[in-house]
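*Asks:* Each chain, written out:
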Amino acid sequence: MYIGKVIGNVVATKKDSRLVGSKLLIVCPLVRDSKEKDTMVVAVDAVGAGIGEVVLVVKGSTARAALGIDAPIDAAIVGIVDTMEV
Amino acid sequence: MYIGKVIGNVVATKKDSRLVGSKLLIVCPLVRDSKEKDTMVVAVDAVGAGIGEVVLVVKGSTARAALGIDAPIDAAIVGIVDTMEV
Amino acid sequence: MYIGKVIGNVVATKKDSRLVGSKLLIVCPLVRDSKEKDTMVVAVDAVGAGIGEVVLVVKGSTARAALGIDAPIDAAIVGIVDTMEV
Amino acid sequence: MYIGKVIGNVVATKKDSRLVGSKLLIVCPLVRDSKEKDTMVVAVDAVGAGIGEVVLVVKGSTARAALGIDAPIDAAIVGIVDTMEV
Amino acid sequence: MYIGKVIGNVVATKKDSRLVGSKLLIVCPLVRDSKEKDTMVVAVDAVGAGIGEVVLVVKGSTARAALGIDAPIDAAIVGIVDTMEV
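Chains as they are written, first to last, in this note's numbering: chain A, 1 to 86; chain B, 1 to 86; chain C, 1 to 86; chain D, 1 to 86; chain E, 1 to 86.
Worth flagging that the hints you see were computed from the coordinates, not collected in a lab.
Some clues are possibly wrong.
The list cannot tell twin chains apart, which means a pair is met if one copy fits it or any two copies do.
[Stated by the list, open to error] Pairs of lysine-lysine, DSS-like flavour, derived with a Cα cap of 25 Å:
(1) K5 with K35
(2) K35 with K14
(3) K37 with K5
(4) K5 with K23
The shape of chain A in the complex, shown without the other chains (with noise of 0.2 Å):
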């Protein structure tokens, strides 16, 4: 897994039909002191999490397994982090 903030939402009316009801959320991968990467991933929420908090993602064939849904998905966020300690 990798650690990422929420930093918004994807609103996309056609879409896959089995993203139907999915929320997903615009995640940046953060490095080390928390700093935000540039880059963007859409991950599905699957823990009920919200924009600005910081997360766990996975990805690639392992997003479909965390979803448990056979839905085109390839990045799931699997938990909220309290804390990093480093």
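For chain A, the structure is supplied; the task is to place chains B, C, D and E on it using the hints.
*Replies:* Same frame as chain A, but now just chains B, C, D and E:
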């Protein structure tokens, strides 16, 4: 998934026969502030996307799952973005 | 696999229930001359690694295979490095 | 898939026996304006590509699916690009 | 696959039991003009490669397929490069 902009298309007469009939679009990933990266991905369109549109792209084995066909595909467009709230 | 250094750990109360009980360590990949990259990966520990140790990390579907559990995991620590001869 | 240019080939006498008979081509990914990256990928040719041609490359488990053989392959050439309209 | 140079090896006494007996080599990917990147990958040797040799490396699930063993492996050396014609 990541967010990208469709910037063109590819014509390939000589190709794997399972790709015949697939629309092959060139997508540039977007970073924050909707800036385009200079990398290009060729994604198979699953939702009727057109040039200039901002789309959701899945990659890897998820792309094959998205299309639901047995073809050599590792990137697929699964949604058209209406708005990003960041 | 790649070589990384364990620099901390993550506490996440709200997470996928299949992650409960997993030790989530923050790892920085090492490049040549053992310099640390500034990226961070959260890996599930499978060998009893501790903070400050240099470890072997596998990623992707291999991480799930490493742990042998049905959990949303895409990075796992599978060895503790004693020495690197370079 | 991504777009790349075939810049050479690899000769490897000592290799996994399942690779015997495979044509191993060196491909440089192209970024916008058809500039070549300085990275190199070795891809197995599935469509009769030659040096200097611009091709479509798939990677990861998709490459094994593309070739349809049980060989240790993670990149395959699945099309020859006639034109890119950007 | 990508092309890399074997620059060393890793000793790890404490590791996943399925890795016991595997030769763990440190590989630096090569870019054009055979320059070495400063990243390092630990790959399991399947062809008898030695330090200083230029090799073909596969990654991800392909590496597990290459070795044909049920071990937590995501990079494998599947060939020794005799010549590159670029």
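*Asks:* Give a verdict on every hint.
*Replies:* Against the structure, the hints:
1. In this homomeric assembly, K5 and K35 come within 25 Å of each other (Cα to Cα) both inside a single copy, at 10 Å, and across copies, at 19 Å.
2. For the homomeric pair K35 and K14, the shortest alpha-carbon distance between copies (23 Å) is at most 25 Å, but the shortest distance inside one copy (33 Å) is not.
3. Proximity of K37 and K5 under a CA criterion of 25 Å is satisfied in both settings, with 10 Å inside one chain copy and 20 Å between copies.
4. Both within a single protomer and between protomers do K5 and K23 lie at most 25 Å apart by alpha-carbon distance, with minima of 15 Å and 21 Å respectively.
The structure fails none of the hints (numbered hints given earlier).
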